[in-house]
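Undergrad: Chain by chain, the residues:
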Amino acid sequence: MAISEPVRRILEGFDGERPGTKAKLASLLMHGRLAGTGKLMILPVDQGFEHGPARSFAMNPAAYHPQYLFQLAIDARLSALAGPVGLLGACADRLAGEVPLILKANSADSLAQEHDQAVTATVRDALELGCAAIGYTIYPGADRQYEMFEEVRDGIAEARANGLAAMIWAYPRGGALAHEDETALDIVAYAAHIAALLGAHIIKVKLPTERIAQHEAQDAYAGRNWRSLETRVAHVMQAAFAGKRIVVFSGGPLADQRELVEQVRAIARGGGHGSIVGRNSFQRTHDEALALLDEIAGVYGAAEKRVQA
Amino acid sequence: MAISEPVRRILEGFDGERPGTKAKLASLLMHGRLAGTGKLMILPVDQGFEHGPARSFAMNPAAYHPQYLFQLAIDARLSALAGPVGLLGACADRLAGEVPLILKANSADSLAQEHDQAVTATVRDALELGCAAIGYTIYPGADRQYEMFEEVRDGIAEARANGLAAMIWAYPRGGALAHEDETALDIVAYAAHIAALLGAHIIKVKLPTERIAQHEAQDAYAGRNWRSLETRVAHVMQAAFAGKRIVVFSGGPLADQRELVEQVRAIARGGGHGSIVGRNSFQRTHDEALALLDEIAGVYGAAEKRVQA
Amino acid sequence: MAISEPVRRILEGFDGERPGTKAKLASLLMHGRLAGTGKLMILPVDQGFEHGPARSFAMNPAAYHPQYLFQLAIDARLSALAGPVGLLGACADRLAGEVPLILKANSADSLAQEHDQAVTATVRDALELGCAAIGYTIYPGADRQYEMFEEVRDGIAEARANGLAAMIWAYPRGGALAHEDETALDIVAYAAHIAALLGAHIIKVKLPTERIAQHEAQDAYAGRNWRSLETRVAHVMQAAFAGKRIVVFSGGPLADQRELVEQVRAIARGGGHGSIVGRNSFQRTHDEALALLDEIAGVYGAAEKRVQA
Amino acid sequence: MAISEPVRRILEGFDGERPGTKAKLASLLMHGRLAGTGKLMILPVDQGFEHGPARSFAMNPAAYHPQYLFQLAIDARLSALAGPVGLLGACADRLAGEVPLILKANSADSLAQEHDQAVTATVRDALELGCAAIGYTIYPGADRQYEMFEEVRDGIAEARANGLAAMIWAYPRGGALAHEDETALDIVAYAAHIAALLGAHIIKVKLPTERIAQHEAQDAYAGRNWRSLETRVAHVMQAAFAGKRIVVFSGGPLADQRELVEQVRAIARGGGHGSIVGRNSFQRTHDEALALLDEIAGVYGAAEKRVQA
Amino acid sequence: MAISEPVRRILEGFDGERPGTKAKLASLLMHGRLAGTGKLMILPVDQGFEHGPARSFAMNPAAYHPQYLFQLAIDARLSALAGPVGLLGACADRLAGEVPLILKANSADSLAQEHDQAVTATVRDALELGCAAIGYTIYPGADRQYEMFEEVRDGIAEARANGLAAMIWAYPRGGALAHEDETALDIVAYAAHIAALLGAHIIKVKLPTERIAQHEAQDAYAGRNWRSLETRVAHVMQAAFAGKRIVVFSGGPLADQRELVEQVRAIARGGGHGSIVGRNSFQRTHDEALALLDEIAGVYGAAEKRVQA
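Chains as they are written, first to last, in my numbering: chain A, 1 to 309; chain B, 1 to 309; chain C, 1 to 309; chain D, 1 to 309; chain E, 1 to 309.
Because the hints were derived from the structure by calculation, they are not lab data.
C-beta atoms are modelled at their ideal positions from N, C-alpha and C, and glycine is treated no differently.
It is possible that part of the hints are untrue.
[What the hints assert, rightly or not] Some chain C residues near chain E, calculated using beta-carbon distances under 7 Å:
id	residue
1	F49
2	G52
3	A118
[Said to hold, decoys possible] With a straight-line cut-off of 20 Å between C-alpha atoms, the simulated DMTMM-like cross-links for lysine to aspartate or glutamate are:
id	chain 1	residue 1	chain 2	residue 2
4	D	K244	E	D15
5	A	K244	A	E230
6	A	K244	A	E12
7	C	K244	C	E5
8	B	K244	C	D15
9	E	K244	D	D256
10	E	K244	E	E12
11	C	K206	C	D256
12	D	K244	D	E12
13	A	K244	B	D93
14	A	K206	A	D256
15	B	K206	B	D256
16	E	K206	E	D287
17	C	K244	B	D15
18	D	K206	D	D256
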């Protein structure tokens with residue numbers, strides 16, 4: 001399929017990147033149900049590492065099978081599947097070429113007592129597995145945030161030199177941040193901006209609340225009405241180089257479908273580039289997950305039906 | 001698009017390759033008009049290097065523009081465009097993601113007096129340009145053939161380690177080979193076999209004649225009727241690991257369209273994996289080229305129309 | 001011996017690994033009394049490092065001799081012997097080819113005050129010694145767990161690139177984990193899952209108790225009866241990519257033979273891939289050890305007698 | 001299977017090799033029908049490269065399929081299959097662990113006009129493919145023999161450092177040697193000795209004739225009766241460090257079964273370590289090949305039947 | 001001199017080591033007064049680094065001269081001289097070949113506040129100086145013990161790859177160990193075992209006391225009478241791969257000659273491989289030192305007189 005106009009405009013925001021990196025971004029944006037719309041739907045499966053297997057998969061035990069997770073991304077015709085090296089390696093061969101892959105190259109577990117992540121994969125792994133992108137989590141605000149930034153920069157630089165795209169999961173956390181600050185509007189926007197400044201092509205943040213956490217930032221946010229999620233999403237997009245970086249938003253833990261779809265509408269209206277839907281997809285049954293993802297895809301403007309001709 | 005059955009069967013022949021390499025092969029086989037058919041149509045543009053620019057492009061001066069050549073591959077919805085690093089680099093950025101690319105990593109010119117090629121690009125170039133594959137010419141029979149084999153093996157090993165596919169243009173030439181031996185059936189089959197043994201995933205050879213050049217091989221070919229091109233193509237496929245390697249055939253210099261299409265029919269019936277059409281496409285006008293490529297695609301079983309929905 | 005069907009099915013779970021790595025896994029699964037059953041019995045001898053020589057070998061002083069330990073693995077026709085570089089190096093030459101070897105490449109001693117291990121061997125050591133696999137301990141939950149994960153990933157990546165298999169001893173320990181949490185069901189399953197995500201082909205965990213240690217995981221385990229060991233083993237297998245990774249269970253300190261064999265029955269019924277039996281074999285006399293290992297092998301379905309024809 | 005006495009004695013000849021190299025030699029000597037006898041039967045398939053595909057496979061077209069060749073080695077329960085990287089790579093994954101592999105790492109074609117070989121594979125390839133050994137051809141006497149010796153030494157040193165075994169195909173050829181000199185007794189013995197001095201663990205030579213080619217060597221051979229092949233084989237064994245190196249002999253082009261078996265009897269009586277049987281096996285039908293290999297195995301003392309229990 | 005039977009038996013314990021490493025061990029075991037006895041007497045001079053020059057040499061100011069120390073080892077016909085790179089470098093040239101050298105490659109000073117050592121020399125230094133072995137100190141139990149183990153493993157691996165032998169000074173220290181624990185029997189045996197597992201060919205420990213320091217080890221030592229030093233030495237030898245590793249014992253600070261010789265008798269009866277005598281030799285006058293070393297050599301069975309024929 002020829003590159004669509006919406007995708008071409010997004011790619012123009014990446015002038016100066018090597019052609020390979022742009023081609024990888026194009027491969028994500030031109031794949032699946034949302035191909036050509038300029039929107040992305042990504043299935044991330046690192047919750048087994050982050051929260052443990054039973055908390056992630058016991059609700060829908062089929063999801064213990066890596067192949068189930070791949071197949072879900074393929075059946076729902078999502079833009080990409082993201083996961084740690086062991087998970088991608090378990091099916092990348094058998095299902096080579098069926099769905100774009102994003103290698104989640106650092107990981108944390110819930111047994112840890114500090115906010116940090118282990119670097120668990122390399123750009124070489126991503127190339128061998130045929131991934132379109134490599135991704136890293138950063139914890140802006142955490143005691144070890146700068147070490148994380150440095151690890152991530154190393155990875156992004158090597159990824160770009162090899163024609164891959166780079167994604168950052170930007171999760172403010174730790175240090176002086178209270179739990180409710182982690183999704184405060186100023187903090188989420190700040191995290192998205194740091195990710196852009198670190199060179200991410202794709203940025204993943206949580207949906208921001210109305211809260212403004214940094215005292216020094218209060219003035220900057222004063223006098224505007226932040227009550228609508230759409231407005232807050234639009235502000236995060238501003239922080240991501242005025243929308244020149246690709247920003248996707250997450251839904252968090254299993255939630256009501258209507259509520260989720262409302263959020264997606266706000267993301268779309270606010271100019272966000274899409275959704276990353278993990279637990280809300282693989283913790284539902286296969287049919288319920290497809291129904292939800294169908295509805296989300298519809299909001300993002302999918303032209304074609306999920307079922308392939 | 002989900003991997004089709006014909007493509008899945010081809011990929012099964014590449015058991016043991018890294019997932020990235022398989023995914024790259026899939027990306028060629030699932031792109032363009034022939035997507036999913038298990039056939040390939042490749043536009044190669046290294047004739048400027050090999051024969052000089054005027055001999056290559058004067059007939060259709062638009063083809064002096066690299067972008068014309070890219071656009072031809074895009075408009076005709078071909079499986080891939082192959083060319084030297086300078087040519088690919090001239091447009092890979094602007095047209096990133098529009099057509100799979102194959103980096104022709106060694107090149108020769110017609111000013112040379114020995115049969116050899118210069119290595120003019122690296123796997124790193126291919127990664128930066130977002131190529132699906134890297135390709136090399138070998139001249140079995142030439143005085144420097146073994147140096148060429150060694151250069152090619154280095155390149156293929158590095159390509160595979162980085163999740164790329166590898167293509168070999170296998171052109172018997174030089175040494176004791178007379179000009180008419182270069183397309184002799186035994187020699188073409190031998191060249192395809194050497195390419196497979198050197199680890200090529202995709203092999204390009206010329207269409208073989210009925211001639212048997214090696215005295216010692218006469219017995220092995222005796223008692224069979226090699227008059228039909230289809231039978232000769234089928235024999236070349238045998239030599240390519242019983243058809244487990246992807247073999248595409250070239251048309252050579254500008255030729256009559258009817259004759260060319262007849263050849264394509266023979267390739268298809270003989271089990272070949274497709275055509276590489278250079279001068280016969282870019283030396284025609286854009287419209288004539290598209291008409292020819294349309295007809296070839298039809299023979300290879302393209303289901304959909306060239307014009308995208 | 002031709003690869004048996006159970007082994008072939010296990011190898012299919014490793015699609016995408018290099019042929020050398022698969023061949024090494026096959027060499028473990030096709031060796032000794034359990035050859036072809038899809039089960040493994042491994043003799044690990046790193047207790048001298050971990051607990052000190054007298055605590056490990058004083059009960060059966062013959063075991064101070066490295067050759068005794070090799071010979072025990074050979075006589076009992078076990079699947080493999082695992083140990084640190086000095087131990088394997090002491091006999092690998094004289095007994096080359098008699099029993100598959102797994103190089104335990106990091107080690108800790110009981111004089112240490114923090115939960116960590118020293119990297120004491122390299123992939124190059126493993127190649128020189130002719131090992132089938134290289135193995136590492138991780139301590140999920142420990143303060144230094146992420147450094148350990150990174151060391152292990154480096155080792156696994158290099159092992160795979162050289163056609164070796166990789167094993168992880170996954171021992172949750174340290175940080176906020178109480179001693180009894182280390183064998184809690186949720187924690188053991190979590191550790192096995194992390195090992196799989198880090199790319200281990202073979203995972204070693206302790207047998208899990210009924211305890212659920214993580215507060216946040218209680219819900220995921222509620223409403224199911226975890227009283228039988230078999231059910232708990234089956235849950236750990238789920239966490240190891242739905243049984244696609246090879247998981248072996250340990251017996252711990254010297255125990256009663258009947259109790260041990262009961263545990264083995266539960267491992268077998270729960271779908272575990274076998275046992276790693278250290279102190280329970282080499283702290284018994286040679287005859288008692290062989291008798292115990294015979295009985296365990298019988299449970300796992302060894303078809304042939306220990307004594308070779 | 002425990003290492004047998006005959007194999008143990010052979011391994012003692014390799015004192016000072018790394019354990020991994022010895023274990024790889026043991027894996028060849030303890031595999032298949034001849035396991036434990038101290039004899040080897042190897043299927044080499046590089047004739048496609050050396051002579052061309054039709055001359056090699058047209059007589060038995062099934063042999064164009066790499067998998068046929070693997071399966072022949074597996075069905076006949078041979079000690080190993082040897083071939084170029086492309087051939088081994090075509091099936092090493094699917095058939096991982098079924099038969100030991102020897103990577104033929106240099107290759108020549110019959111289009112060449114000088115006596116040389118291209119280095120077409122690396123030790124890294126051998127490790128990835130799970131090979132037991134890497135092998136090279138040398139042409140003692142050829143104009144480029146010293147370059148070949150240097151390439152081979154590089155490869156052998158790297159192989160040994162990585163725990164692999166090394167094999168040399170020692171074919172005197174070129175320079176001042178007449179065609180009939182290539183199999184002269186003094187020349188074959190000389191070639192075997194050079195291979196041993198270059199560090200080969202396994203040496204492949206052609207069966208020697210009674211001819212003495214070097215004038216200066218006439219005296220050394222005078223006064224002994226070389227009429228029996230057995231005596232000549234025994235002399236070649238002398239030249240291979242008094243039999244401390246493993247020497248296998250080839251049969252050459254397709255020959256009469258009775259004649260071949262007579263030769264095998266002479267090899268066995270002369271103390272040779274076995275046969276390398278290429279064209280005489282894969283140019284026969286599958287059944288005829290198995291029958292021939294059965295008979296050869298019987299001469300070498302195979303205790304068990306080919307059909308596995 | 002031909003390798004004696006006792007030395008041959010020791011070398012057999014190093015099966016699998018490269019020939020160069022074995023030859024270096026042989027050069028130590030076949031040099032000086034104890035040549036061929038299977039025993040070693042080593043003069044270590046790193047006390048200047050460890051304790052300061054005056055504390056080391058003021059008692060016998062001649063010992064400030066490096067050449068004095070070399071000459072002492074030469075005159076006493078000791079097995080080897082061990083020291084830091086600067087000390088060996090001061091005389092290795094003039095006295096090349098007079099006495100085997102062991103390069104002490106890490107060092108600590110008494111100004112330090114943590115238990116660690118600096119790596120102060122390389123395998124390359126050892127090769128340039130013509131050393132037979134390279135040596136390292138480890139502090140099992142110290143907070144930085146694992147970093148030390150990793151440094152030592154790197155060094156040993158490189159030493160072996162270059163045909164050198166490796167020695168470990170195993171000194172439990174730091175962490176939870178009380179000063180009197182450092183020579184407790186269980187701890188010394190543990191330290192010797194760790195050194196063996198790390199691949200040391202020669203291990204140096206202090207003479208153990210009757211104390212058992214680790215609570216968990218009490219049972220393993222219960223019910224045996226450890227009162228005689230000989231029995232304790234014999235236990236340490238057990239811990240060193242049942243005596244397959246070379247273990248030498250130190251005398252510590254300047255002591256009474258009779259007491260020292262009694263200790264040596266216990267070492268000899270317990271199966272130890274000899275003594276390392278530093279301060280007790282160079283802090284005595286030259287004549288007294290020679291007299292003491294004569295007596296020790298006599299106990300170890302030196303057949304010949306010190307004065308060379």
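Undergrad: Mind listing which of the numbered hints don't hold for this structure, in increasing order?
TA: Checked against the structure, the hints that fail are numbers 9 and 16, while the rest are satisfied.
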